[in-house]
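Enquirer: This is what each chain is made of:
Protein chains: 2
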Amino acid sequence: MSRAGAEFEAFLRRRGLRMTRQRRAILEEILGSRSHLTADHLEERLRRAGERAAKATVYRTLAMLVEGGLLEAHDFGGGTTYYEPILDRDHHDHMVCIGCGRITEFRSPAIEELQDEQARSHRFTPVTHSLKIFGYCARCVRRRSPGTPPRRLPGPAGPVPASQPSGPIRGRPR
Amino acid sequence: MSRAGAEFEAFLRRRGLRMTRQRRAILEEILGSRSHLTADHLEERLRRAGERAAKATVYRTLAMLVEGGLLEAHDFGGGTTYYEPILDRDHHDHMVCIGCGRITEFRSPAIEELQDEQARSHRFTPVTHSLKIFGYCARCVRRRSPGTPPRRLPGPAGPVPASQPSGPIRGRPR
DNA sequence: ATAGTTGCAAACTTTTTGCAGTGCC
DNA sequence: GGCACTGCAAAAAGTTTGCAACTAT
Chain A
1 MSRAGAEFEA
11 FLRRRGLRMT
21 RQRRAILEEI
31 LGSRSHLTAD
41 HLEERLRRAG
51 ERAAKATVYR
61 TLAMLVEGGL
71 LEAHDFGGGT
81 TYYEPILDRD
91 HHDHMVCIGC
101 GRITEFRSPA
111 IEELQDEQAR
121 SHRFTPVTHS
131 LKIFGYCARC
141 VRRRSPGTPP
151 RRLPGPAGPV
161 PASQPSGPIR
171 GRPR
Chain B
1 MSRAGAEFEA
11 FLRRRGLRMT
21 RQRRAILEEI
31 LGSRSHLTAD
41 HLEERLRRAG
51 ERAAKATVYR
61 TLAMLVEGGL
71 LEAHDFGGGT
81 TYYEPILDRD
91 HHDHMVCIGC
101 GRITEFRSPA
111 IEELQDEQAR
121 SHRFTPVTHS
131 LKIFGYCARC
141 VRRRSPGTPP
151 RRLPGPAGPV
161 PASQPSGPIR
171 GRPR
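Protein sequence lines, in the order shown, are assigned to chains A and B. All letters in the first sequence, in the order written, are residues 1 to 174 by this note's numbering. All letters in the second sequence, in the order written, are residues 1 to 174 by this note's numbering.
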């Protein structure tokens, strides 16, 4: 069994929970993917793999996997949650292309360090963080330079703001 | 009229839209607050202020204000969008207390610089970004050191993970 | 045998949309 | 007077929950 499988079983045992066919299937499926799946994606992949789990079960299991530290949940601004395996993976952050939706990972220990510093100086005890840079990937820049309208995607409040105010890249979230 | 008011009117005129009583009221109300309001908060505040606007109108107006660059929308992980005036304010990021919900702002030009650098090196054209540090504010740390259960709050996938995995502050987003 | 689990459907929450009536310019 | 705007109610979308029927242990 995979490291993650063992880890999950241990997690379950610790809480008096059980390893079921569905849980096993969900775990294997998401581990076998190259990241960033939604509950919906998962349900479908399971079906295709000959397995099956109700959406409610998928959600319940994903929540456990996140709690157990096997997955990380991401909100890239489209209103749907994406899940990504984090066991045996370096921590990283994401750039989200508002043109095509492509996700690019990046690592910056220097940024992490500065975050800790900020937390310290505000007497804040950090637990997790989330850093996302929204913009256009190289391909989309090339393809739409003349000024094509942005595709609807992220945005807690709809599409990406048409007019980007002045100043540095302003933190306009999800 | 406030700077923001003029700015908004200009924005509307540019698009052939109109300044209405509701729009004016919503703008004034959110500008008059000290940040981080939800559509719901706003609707209630308006009512208390003797004004009134249907929730649909509130949402429609907020979307315009964001698009016009007067507001920024934030998702602090609770499934609700918070709005904050950004005119005449420095860009800043947020720390979100998962104990009490308190939001602390912080600024770090150094981090912004590093973000730009990352974008550049990935040939990504940044438009906006969102950086949130989740953790406990000083008060909550003091109050709950022994291990009080975290309050339900953020989390795209429910409450804050009970067991925080190892490693550096792992980016476990909204 | 005993709890924990699952599937299904109903419930929820926040935000969006359709439409008929209203009010800026 | 035209066309944009508002309110209301219905619709969406994603996720959660209640419950009776299963099933690991």
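Calculated from the structure, these hints are not laboratory results. Computed from a predicted model, the values in this text were never measured in an experiment. One should not assume that every hint holds.
To be verified - Selected chain A positions facing chain B (in silico; Cβ < 10 angstroms):
hint, residue
1, 19
2, 22
3, 93
4, 117
5, 124
6, 126
7, 130
8, 132
9, 134
10, 140
Stated by the list, open to error - Non-contacting residues of chain B with respect to chain A, defined by C-beta distances greater than 12 angstroms in every case (computed):
hint, residue
11, 18
12, 44
13, 114
Unchecked claim - Away from chain A, derived, C-beta distances all over 12 angstroms, residues of chain B:
hint, residue
14, 16
15, 34
16, 45
17, 50
18, 52
19, 79
20, 96
All C-beta atoms in this analysis are idealised placements derived from N, C-alpha and C, irrespective of residue type, glycine included.
Enquirer: All hints, please: hold or fail.
Expert: Results of checking the hints against the structure:
1. For residue 19 (chain A), the interface hint is violated, the least distance from its beta-carbon to any beta-carbon of chain B being 18 angstroms, above 10 angstroms.
2. For residue 22 (chain A), the shortest C-beta to C-beta distance to chain B is roughly 17 angstroms, which exceeds 10 angstroms, and the interface hint is violated.
3. The beta carbon of residue 93 (chain A) comes within 6 angstroms of a beta carbon in chain B, closer than 10 angstroms, and the hint placing it at the interface holds.
4. Interface hint status for residue 117 (chain A): upheld, as the beta-carbon distance to the closest one in chain B is roughly 8 angstroms, under 10 angstroms.
5. For residue 124 (chain A), the shortest C-beta to C-beta distance to chain B is roughly 5 angstroms, which falls under 10 angstroms, so the interface hint holds.
6. For residue 126 (chain A), the suggested interface contact is upheld, since its CB lies about 4 angstroms from the closest CB of chain B, less than 10 angstroms.
7. Interface restraint check for residue 130 (chain A): the shortest CB-CB distance to chain B comes to about 3 angstroms, inside 10 angstroms, so the restraint holds.
8. At about 5 angstroms, the closest approach between the beta carbon of residue 132 (chain A) and any beta carbon in chain B falls short of 10 angstroms, and the interface hint on this residue holds.
9. The beta carbon of residue 134 (chain A) is positioned within 10 angstroms of a beta carbon in chain B (closest approach about 5 angstroms), and the interface hint is therefore held.
10. Checking residue 140 (chain A) against chain B by beta carbon gives a least distance of about 8 angstroms; that is within 10 angstroms, so the hint holds.
11. The non-interface label for residue 18 (chain B) is consistent with chain A: the shortest C-beta to C-beta separation is roughly 19 angstroms, beyond 12 angstroms.
12. Every Cβ of chain A is farther than 12 angstroms from the Cβ of residue 44 (chain B); the closest lies at roughly 19 angstroms, confirming the non-interface assignment.
13. At roughly 5 angstroms, the least C-beta separation between residue 114 (chain B) and chain A is not larger than 12 angstroms, which violates its mark as non-interface.
14. No Cβ of chain A comes within 12 angstroms of the Cβ of residue 16 (chain B); the nearest lies about 15 angstroms off, and the non-interface call holds.
15. The Cβ of residue 34 (chain B) lies farther than 12 angstroms from every Cβ of chain A, with a closest approach of about 18 angstroms, so its non-interface assignment holds.
16. At the 12 angstroms boundary, the C-beta of residue 45 (chain B) stays outside the reach of chain A, the nearest C-beta of that chain being 18 angstroms off.
17. With a closest Cβ-Cβ approach of about 26 angstroms to chain A, residue 50 (chain B) is found to remain outside the 12 angstroms limit, as its non-interface label requires.
18. For residue 52 (chain B), the non-interface assignment is confirmed: its Cβ lies about 22 angstroms from the closest Cβ of chain A, beyond the 12 angstroms cut-off.
19. Not every CB of chain A lies more than 12 angstroms from the CB of residue 79 (chain B), the least distance being 10 angstroms, so the non-interface label is violated.
20. Annotated as non-interface, residue 96 (chain B) brings its C-beta within 12 angstroms of a C-beta of chain A; the closest such distance is 9 angstroms.
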